[in-house]
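Chains A and B supply the protein sequences, listed in that same order.
The first sequence begins at 1 in the numbering used here and counts up by one.
The second sequence begins at 1 in the numbering used here and counts up by one.
Honestly, I wouldn't trust all of these hints.
Claimed, not checked - DMTMM-like cross-link-like pairs, simulated, lysine to aspartate or glutamate; straight-line CA separation at most 25 Å: (1) A:Lys173 / A:Glu189; (2) B:Lys184 / B:Asp173; (3) A:Lys29 / B:Asp173; (4) B:Lys184 / A:Asp284.
Hints are computed from structural coordinates only; laboratory data are not their basis.
Predicted model, so just to flag it, every value in this text is computed and none were measured.
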Amino acid sequence: MQSTAHAFKDNVGTALADPNLQDSLSKLKVGFSERRRQAAERLPEFEALRDRARDIKNHTLANLDFYLEEFERKVIALGGHVHWAPTAADARRIIADLCRSVGARTVAKSKSMVAEEIALNEHLEELGIAPIETDLGEYIIQLRHEPPSHIIAPAVHLTKDQVADTFLEHHRKLGFDKRLTERNDLVAEARYVLRQKFLDADVGLTGANFLVAETGSSMLVTNEGNADLSNTLPKMHIVLASIEKVIPTLEDAAVLLRVLARSATGQESSAYTTLNTGPKRPGDLDGPEQYHVVLLDNGRSGVLGTEMQEILRCIRCGACMNHCPVYGAVGGHAYGWVYPGPMGAVLTPQLVGVEEASNLPNASTFCGRCESVCPVRIPLPKLMRHWREREFERHLTPRAVRQGLALWSFVARRPGLYRSLTAIANRVLSLFGRADGRYRSLPLAGGWTRFRDFPAPPAGGTFHTQWKAARKRP
Amino acid sequence: MSTDRSQILNGIRRSLRRGELAGDGLKDVQSRLAQPPRGPAVARAQVAPADKVALFCQWAEFNNATVARVGAADVPDEVTAFLARNNLPANVAMAPSPLLEGYDWSSQKMLSIRRGRGEGSDQVSITGAFAGIAETGTLVMASGPDHPVSLNLLPDTHVVVLRETDIVGGYEDVWVRLRERYGKDRMPRTVNTITGPSRTGDIEQTIELGAHGPRRMHILVVRE
Numbered sequence: 001m002q003s004t005a006h007a008f009k010d011n012v013g014t015a016l017a018d019p020n021l022q023d024s025l026s027k028l029k030v031g032f033s034e035r036r037r038q039a040a041e042r043l044p045e046f047e048a049l050r051d052r053a054r055d056i057k058n059h060t061l062a063n064l065d066f067y068l069e070e071f072e073r074k075v076i077a078l079g080g081h082v083h084w085a086p087t088a089a090d091a092r093r094i095i096a097d098l099c100r101s102v103g104a105r106t107v108a109k110s111k112s113m114v115a116e117e118i119a120l121n122e123h124l125e126e127l128g129i130a131p132i133e134t135d136l137g138e139y140i141i142q143l144r145h146e147p148p149s150h151i152i153a154p155a156v157h158l159t160k161d162q163v164a165d166t167f168l169e170h171h172r173k174l175g176f177d178k179r180l181t182e183r184n185d186l187v188a189e190a191r192y193v194l195r196q197k198f199l200d201a202d203v204g205l206t207g208a209n210f211l212v213a214e215t216g217s218s219m220l221v222t223n224e225g226n227a228d229l230s231n232t233l234p235k236m237h238i239v240l241a242s243i244e245k246v247i248p249t250l251e252d253a254a255v256l257l258r259v260l261a262r263s264a265t266g267q268e269s270s271a272y273t274t275l276n277t278g279p280k281r282p283g284d285l286d287g288p289e290q291y292h293v294v295l296l297d298n299g300r301s302g303v304l305g306t307e308m309q310e311i312l313r314c315i316r317c318g319a320c321m322n323h324c325p326v327y328g329a330v331g332g333h334a335y336g337w338v339y340p341g342p343m344g345a346v347l348t349p350q351l352v353g354v355e356e357a358s359n360l361p362n363a364s365t366f367c368g369r370c371e372s373v374c375p376v377r378i379p380l381p382k383l384m385r386h387w388r389e390r391e392f393e394r395h396l397t398p399r400a401v402r403q404g405l406a407l408w409s410f411v412a413r414r415p416g417l418y419r420s421l422t423a424i425a426n427r428v429l430s431l432f433g434r435a436d437g438r439y440r441s442l443p444l445a446g447g448w449t450r451f452r453d454f455p456a457p458p459a460g461g462t463f464h465t466q467w468k469a470a471r472k473r474p
Numbered sequence: 001m002s003t004d005r006s007q008i009l010n011g012i013r014r015s016l017r018r019g020e021l022a023g024d025g026l027k028d029v030q031s032r033l034a035q036p037p038r039g040p041a042v043a044r045a046q047v048a049p050a051d052k053v054a055l056f057c058q059w060a061e062f063n064n065a066t067v068a069r070v071g072a073a074d075v076p077d078e079v080t081a082f083l084a085r086n087n088l089p090a091n092v093a094m095a096p097s098p099l100l101e102g103y104d105w106s107s108q109k110m111l112s113i114r115r116g117r118g119e120g121s122d123q124v125s126i127t128g129a130f131a132g133i134a135e136t137g138t139l140v141m142a143s144g145p146d147h148p149v150s151l152n153l154l155p156d157t158h159v160v161v162l163r164e165t166d167i168v169g170g171y172e173d174v175w176v177r178l179r180e181r182y183g184k185d186r187m188p189r190t191v192n193t194i195t196g197p198s199r200t201g202d203i204e205q206t207i208e209l210g211a212h213g214p215r216r217m218h219i220l221v222v223r224e
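Here chain A stands alone, though its shape is the one from the complex (with noise of 0.2 Å):
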C-alpha cells in the first residue's frame, strides 16, 4: 500500500477530530489490554516462555539461510514448490503469475499483512483477478476502500454502526436490504455472502505466522476459520511470508504459540491453528492440487547484523500497540502504512525509507508498556531512540526541534543559568493558576493543549529548589 507516513502530523490531527474513531479507540484499553492480563496470570510459565520465544527466535536469525534452505528442501520433499522474492515487486510477479497459470479469476484471501506490504490486491486487481479478502475485518475494510488500522484486527476502528451502513450499501444488490443492528446478525451475513466465493475461488492465498523448518509446514493462527477455507477449497494454496517467519522445530512452535495467542488476544489458544505441509496427497477426499510458498525478503535481510535486527523477532501480535498511548489516541491509520504502533514505528523506516517515516518513531512517550508486554523482548523504545538518533545525524529533524535542543543544551550545560530560568518559569506559570494541577490551554503551547491539559509545575518551586530545601531538614 502507498505509504501516507509522511503525513503522520496531519493524520494525527484528523484522528484525533474522529468521534467513531475516538470512540473505538476507548473500548482497546478495556478489551486486548485487559484480556491479555489475565491470560498471563492463568499461566504461571508465561514470563519463561516469553524469554525462550526471544531465545528461540534470536537462534532462528543467526542462523537464517540454514533453516530456510531446510524449510525449502522440505516442502520441495512433500510436492510443494518454493518462491523466493528478494523485493515486493518480485512477489507480486510470481503470484500474478500462478494465478494466471491456473485462469483465476478469484482469489480468496486470508488475513496477510505481508500481502499489504506489497500492495498485492492493487496489482492482481489490474490485472483482472479479483482478491476477495475473508477475513471479516479485512472484508470489512475492503469494502469501505480503507487500509487495516490494526494488525490482528483491521477494523478495530469501525463501530458497529459503521459496519452496518457497510454491509446495507454493498449487500442490498446480493438482496439484503435490511439494515442489521445485532452483531450477529452482521456476521451472519458476512458468512453468508462469503461463503460462495469461498466455493467459487480458484486460488486461496494466505500469510504464515511460523514456517516450520523440520517439517516443511507453514503455521497458521486465526479465529474465524477463513484461512482454512482458504487452504482446502481452491484448487491452488499461495502462502506468503517474509523470510523472518521461518523458525527450526514445532517444538519451538509450540513455546510461540502459548506466548502468541495470550498476547494478541488473551485467549488460551486461537480457535485454529493449522499446519499445512504440500499439497493434497493421494486418496484425500479435498485439498489443493498445488502448494506454493513466496518467500519475501523485502529489506528485512539488510537489517540482520545492524542495531535494529531484533524487530526481526516480531511475531505480530499486536500487543505493543493494544498497550501504547499513543496508538490508543490516534488508531493505526495515522501511521500511514501497513504495520502501526510501536513495532510500526521501528519497522516503517526500514521498509520505506526514514525519510518517509521519519516522524513516526518520534511518536512515542518511551513509557515502555509496549516492551513491557512484547512476547519476544523487543527493546522497542531503544529501537525507536535509534531511529531518532539517525533521523538527527541525517539532519530531518525539523528546524524548530534542532533549534529547540541546542537552545536546551546551552541552558542545561549552564547550571547557574539553568536554575534562575526554570525558577523564572515556575513563577510565571504559577500566576495562570494551579487549582487542579493542570492547564487546559497555555499561551504559546496551543499545539500542546489542544489535545491535552499541560501540567502544572507542582507547589514548593523547582525540582533543584525541592531537593535543596529537603536536604537542609534533618
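With the hints as your guide, set chain B onto chain A.
This is chain B only, laid out in the frame that chain A set:
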C-alpha cells in the same frame, strides 16, 4: 529464480558476516533439528493421566465447546440426542473413518448419514480426532482419506468423537505422536488444531461465534 534465491541467501550471510554454515556451527543446528529441545515445561500440561481427561473437558468448555463423556456403546445415542436437544437436522456428513465405523449407527433409525467430504450446505458433521490436548482443550485433526479437512470447517455444527486414550497433556506430546504415526519428515497435508467453535472479535472487539467455521462444537469424550 535461482539468482533470486542466492541473492537473498547471500544477503543474509553478508549481514551475518559469515559464509555458508560449516563445521561446528553447522553440526550444532543440525543436531538441534534432529533432537528438538523442548521449551519450559508448562505444569498444566504435565498432569497425571487420570486428570488429563477432566482438564481437557474443563478447557474445552472454557473455550465454548460442549462436552459429553460417554461409553463407546452410547456414542450413536448421544449424537442423536444432541441433535434433538439443539433442534438440529438429523442429516449428517460423516468422515469415512474406521474409528467412526466401529460404532453401531444402524441403531439410529432417524439419522441419515452421508459419508465423504464436507459440502457448503452441510449443517452437521461428525468426525474423529487424532488427539486432544488437555492444556487448552484443543482438538487435533490430521487430514487423510479418513478425515477430509472440509468437514472441520464447512458445517454449522461439528460433532467430534474423541477417545480418552487419545488425550495428551501438551502440544509437545502431539508432535511426538505425529512423528510416530507419519514419520519425522512426513506430516499429513493438514493438521488442524481446533479450540472451540469459530469466532471473531472484528466488530467492536466483542466475540461472536460462527464466523466462517462451525458455530457450535460438541465433543464426545469416549471411555474405552
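Outcome of the hint check:
| no. | hint | in the structure |
| --- | --- | --- |
| 1 | A:Lys173 / A:Glu189 | holds, 13 Å |
| 2 | B:Lys184 / B:Asp173 | holds, 14 Å |
| 3 | A:Lys29 / B:Asp173 | violated, 36 Å |
| 4 | B:Lys184 / A:Asp284 | holds, 20 Å |
Violation of the numbered hints given earlier is confined to hint 3; every other hint is satisfied by the structure.
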